[in-house]
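Peer 1: Take these sequences, add in the hints, and give me the full structure.
Top line first, the protein sequences correspond to chains L and Y. Numbering-wise, the first sequence is residues 131 to 534 according to our numbering. Numbering-wise, the second sequence is residues 131 to 534 according to our numbering.
Any given hint might turn out to be false.
[Unchecked claim] Cβ pair distances, simulated, as ranges:
{"#": "1", "chain 1": "L", "residue 1": "Lys218", "chain 2": "Y", "residue 2": "Glu296", "range": "24 to 34 Å"}
{"#": "2", "chain 1": "Y", "residue 1": "Thr370", "chain 2": "L", "residue 2": "Gln302", "range": "47 to 57 Å"}
{"#": "3", "chain 1": "L", "residue 1": "Thr149", "chain 2": "Y", "residue 2": "Asp228", "range": "43 to 53 Å"}
{"#": "4", "chain 1": "Y", "residue 1": "Arg404", "chain 2": "L", "residue 2": "Ser366", "range": "48 to 58 Å"}
{"#": "5", "chain 1": "L", "residue 1": "Val403", "chain 2": "Y", "residue 2": "Pro162", "range": "56 to 66 Å"}
{"#": "6", "chain 1": "Y", "residue 1": "Gly298", "chain 2": "L", "residue 2": "Lys218", "range": "49 to 59 Å"}
{"#": "7", "chain 1": "L", "residue 1": "Gly298", "chain 2": "Y", "residue 2": "Arg404", "range": "52 to 62 Å"}
{"#": "8", "chain 1": "L", "residue 1": "Gln136", "chain 2": "Y", "residue 2": "Asp228", "range": "19 to 29 Å"}
{"#": "9", "chain 1": "Y", "residue 1": "Ser327", "chain 2": "L", "residue 2": "Gly283", "range": "47 to 57 Å"}
{"#": "10", "chain 1": "L", "residue 1": "Thr399", "chain 2": "Y", "residue 2": "Gly283", "range": "22 to 32 Å"}
{"#": "11", "chain 1": "L", "residue 1": "Arg529", "chain 2": "Y", "residue 2": "Glu222", "range": "45 to 55 Å"}
{"#": "12", "chain 1": "L", "residue 1": "Gly283", "chain 2": "Y", "residue 2": "Gly283", "range": "43 to 53 Å"}
[Said to hold, decoys possible] The calculated lysine to aspartate or glutamate pairs, modelled on EDC-like cross-linking and capped at a C-alpha distance of 20 Å, are:
{"#": "13", "chain 1": "Y", "residue 1": "Lys133", "chain 2": "L", "residue 2": "Asp401"}
{"#": "14", "chain 1": "L", "residue 1": "Lys133", "chain 2": "Y", "residue 2": "Asp407"}
{"#": "15", "chain 1": "L", "residue 1": "Lys133", "chain 2": "Y", "residue 2": "Asp287"}
{"#": "16", "chain 1": "L", "residue 1": "Lys153", "chain 2": "L", "residue 2": "Glu510"}
{"#": "17", "chain 1": "Y", "residue 1": "Lys140", "chain 2": "L", "residue 2": "Asp252"}
{"#": "18", "chain 1": "Y", "residue 1": "Lys195", "chain 2": "L", "residue 2": "Glu435"}
{"#": "19", "chain 1": "L", "residue 1": "Lys195", "chain 2": "Y", "residue 2": "Asp287"}
[Said to hold, decoys possible] In silico contact screen, one side only, chain Y against chain L (beta carbon under 7 Å); selected entries:
{"#": "20", "residue": "Asp236"}
{"#": "21", "residue": "Arg254"}
{"#": "22", "residue": "Gly276"}
{"#": "23", "residue": "His413"}
{"#": "24", "residue": "Gly414"}
{"#": "25", "residue": "Gln439"}
{"#": "26", "residue": "Gln443"}
Hints in this document: simulated from the structure, not taken from any laboratory. Backbone N, C-alpha and C define an ideal beta-carbon position, used for all residues, glycine too.
Number of protein chains: 2
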Amino acid sequence: MIKINQNYQKLPGSYLFSTIARKVREYEMAHPDKIIIRLGIGDVTIPIAPEIIRVLHQAVDEMGKAETFKGYAPDLGYSFLRKTISEKDFQERGCRIDADEIFISDGAKCDCGNIQEIFSTDCRVAVCDPVYPVYVDSNVMAGRTGDYDMSLGRFRDVIYMPCTGETGFVPQLPEEVPDLIYLCFPNNPTGAVMKKSQLQEWVDYANEKGSVILYDAAYEAYISEEDIPHSIYECSGARTCAIEIRSFSKTAGFTGLRLGFTVIPKNLTADGVRLWDLWARRHGTKYNGAPYIIQRAGEAVYTPEGRRQIEEQISWYMENARIISDGLRSAGYEVSGGINAPYIWLKTPGSMTSWEFFDLLLEEANVVGTPGSGFGPEGEGYFRLTAFGNREKTIEAIRRIRDL
Amino acid sequence: MIKINQNYQKLPGSYLFSTIARKVREYEMAHPDKIIIRLGIGDVTIPIAPEIIRVLHQAVDEMGKAETFKGYAPDLGYSFLRKTISEKDFQERGCRIDADEIFISDGAKCDCGNIQEIFSTDCRVAVCDPVYPVYVDSNVMAGRTGDYDMSLGRFRDVIYMPCTGETGFVPQLPEEVPDLIYLCFPNNPTGAVMKKSQLQEWVDYANEKGSVILYDAAYEAYISEEDIPHSIYECSGARTCAIEIRSFSKTAGFTGLRLGFTVIPKNLTADGVRLWDLWARRHGTKYNGAPYIIQRAGEAVYTPEGRRQIEEQISWYMENARIISDGLRSAGYEVSGGINAPYIWLKTPGSMTSWEFFDLLLEEANVVGTPGSGFGPEGEGYFRLTAFGNREKTIEAIRRIRDL
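Peer 2: What follows is the structure, encoded as structure tokens:
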């Protein structure tokens, strides 16, 4: 008689964004005359840049001709893309990362979710609180987290690292030593960043304790200030303790094209085994490569013309972020993020809970955001808005919130 | 101190196709004048059909315009594609499968590798021998197989079901009852098929024992004979015991585009839980949808024009299969497969092992195939050739083998 993976049963009922979608749907049905503005989910809205569209067409044509048709991609990605990434994202920043250390995938979410597989189920996992739910949920499914404690809103065996206003929404080194440390900077959901000296402390800590850092740098393209590392490999010693995960989703609007990559330095080992070998084996066994045409599109992101066009898009989103931050601040809100990240993190007014503020915004301003408590207990009393909206609607949303 | 998933260490050293690639590379370097013909790996060679290319261009254009741009795809796939699949692949064959029971993915290999996650690590797994390596290896990684027994060439805790010439390369119901049964028909590597009455026995067995069948139907488009089921849901009772996995790779040449799907009927349960819910949760947590443009390309496979063009491609490959089968038979080889599948399975001459025949073919005929023993101990003494080659080269390869 077959049995299921009981760990799945430990996951709390409904996914945050499903609950939001349901609430919005119900409100819309009850008030069909209202025009809702969505600044909740972190999905991009600007179409794919013209240069990337041109390259996509070219690659589609290649797939239609016998001389240029491409079947199975190399397991770990096409070398044209791996080489470009290693040069442009790493070597040009002084990071010693080889093409061969880049694993192309169909997105950072998949990599973030799957990477835990190569580690023992005994590993102690540390995450920030608040946190992107995939880090925790994928470890729940693997059996690393113990049961969910409803009263705490936390899993018993996970090390949660509070990221509060007092510490600039950056975690402090945990007292109990974790094996696997998830860090995401620029951060989703808070928009906070770590300075290079701060991240260096984590690298030193991980090397000293024998931990591995999973560094999610999906938002690095939004960094506007100096001294904020774009890659963990800017820190010395990161090659022996860190895996980095990157995405094209927010960098170049690829949420619907699907492309990302993971970096595993060849000298990163555990139990005397190279993690590179384990991840390569996983890719070879359970994955079959990202589509050729999408990998060509990814390459176009790094050409001078592609780069110029996506930088324009990022500037456009960051102008939205400025409008949201400034507007909220002038209305008396306490606001952070939005400078090196497309996320604005605001304190709810008075003693309102995150969900109370969600309901208020939905019902009185017809604006949808994301309740901070959905990302963890320390997110309670906070609220996330994203800079990915259309300009007019973003301005209108802020006007409505100010008028509340 | 972090520890790795030690199950990975149980995997036998080198992946079959890597060993083949190395041997071919070494031969080529030693004999740069020889022209090698590859009938080994099952990758397609005919370019994507014109109608699908047309639709791909159209979808790329949509991604470049604000009005039609698509961000994140729905977790489980676009409804236009799920609906088309449920109608054309299932309802038109009399199978009661709803659009909502189709999970779109980036390929059958990923689904075959990942599906085991939703089951308990205590499950007993049954596979055919010979077998597509992904079924076994993904269960090794999850810890279901026990250690590898070098002398047997098998994992201790896996139930192997021999598929030999005596039974037409079809397995018999196992004595020890498995929880999870992997079946792939038309079969890779043997090209064998099950009649509907034979498959019905497996469905009845699974329902009686409380097992789940993972039915890999990646090659169903190659079925040419009557009474061979294209889907396990043609059998009565399959909705309560079977998951089916499908691919666009061999149906429409999508090995480099990446598209597949998994079917989980909503009334398939284990431990009182719907497997549909578990797989939906996995998709939502660790996956982010197949690219929009690829899903549109998938839809085009089902239009009258798309269908006509891919059927032409399949006929072309099957003519290769006929050339290989007939040629080998007339040269005295014992041959099976190649009628309802793009794989030809031949008995090696005399008492030659699969690898001895591989070396002979490589060195004396400069033809590359796949040693049957690479798929499991019962594949010893067999050899796989594929029908995916170019016509002239296929004819030339057979000529060379006959001249041996």
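Peer 1: Work down the list of hints and note, for each, if the structure agrees.
Peer 2: We went through each hint and held it up to the structure:
no., hint, verdict
1, L:Lys218 / Y:Glu296: 24 to 34 Å, "violated (59 Å)"
2, Y:Thr370 / L:Gln302: 47 to 57 Å, "holds (52 Å)"
3, L:Thr149 / Y:Asp228: 43 to 53 Å, "violated (25 Å)"
4, Y:Arg404 / L:Ser366: 48 to 58 Å, "holds (50 Å)"
5, L:Val403 / Y:Pro162: 56 to 66 Å, "violated (37 Å)"
6, Y:Gly298 / L:Lys218: 49 to 59 Å, "holds (55 Å)"
7, L:Gly298 / Y:Arg404: 52 to 62 Å, "violated (44 Å)"
8, L:Gln136 / Y:Asp228: 19 to 29 Å, "holds (28 Å)"
9, Y:Ser327 / L:Gly283: 47 to 57 Å, "holds (54 Å)"
10, L:Thr399 / Y:Gly283: 22 to 32 Å, "holds (29 Å)"
11, L:Arg529 / Y:Glu222: 45 to 55 Å, "holds (53 Å)"
12, L:Gly283 / Y:Gly283: 43 to 53 Å, "holds (50 Å)"
13, Y:Lys133 / L:Asp401, "holds (6 Å)"
14, L:Lys133 / Y:Asp407, "holds (14 Å)"
15, L:Lys133 / Y:Asp287, "holds (17 Å)"
16, L:Lys153 / L:Glu510, "holds (19 Å)"
17, Y:Lys140 / L:Asp252, "holds (18 Å)"
18, Y:Lys195 / L:Glu435, "holds (18 Å)"
19, L:Lys195 / Y:Asp287, "violated (47 Å)"
20, Asp236, "holds (6 Å)"
21, Arg254, "violated (9 Å)"
22, Gly276, "violated (17 Å)"
23, His413, "violated (10 Å)"
24, Gly414, "holds (6 Å)"
25, Gln439, "violated (11 Å)"
26, Gln443, "violated (12 Å)"
Checked against the numbered hints above, the structure violates hints 1, 3, 5, 7, 19, 21, 22, 23, 25 and 26; every other hint is satisfied.
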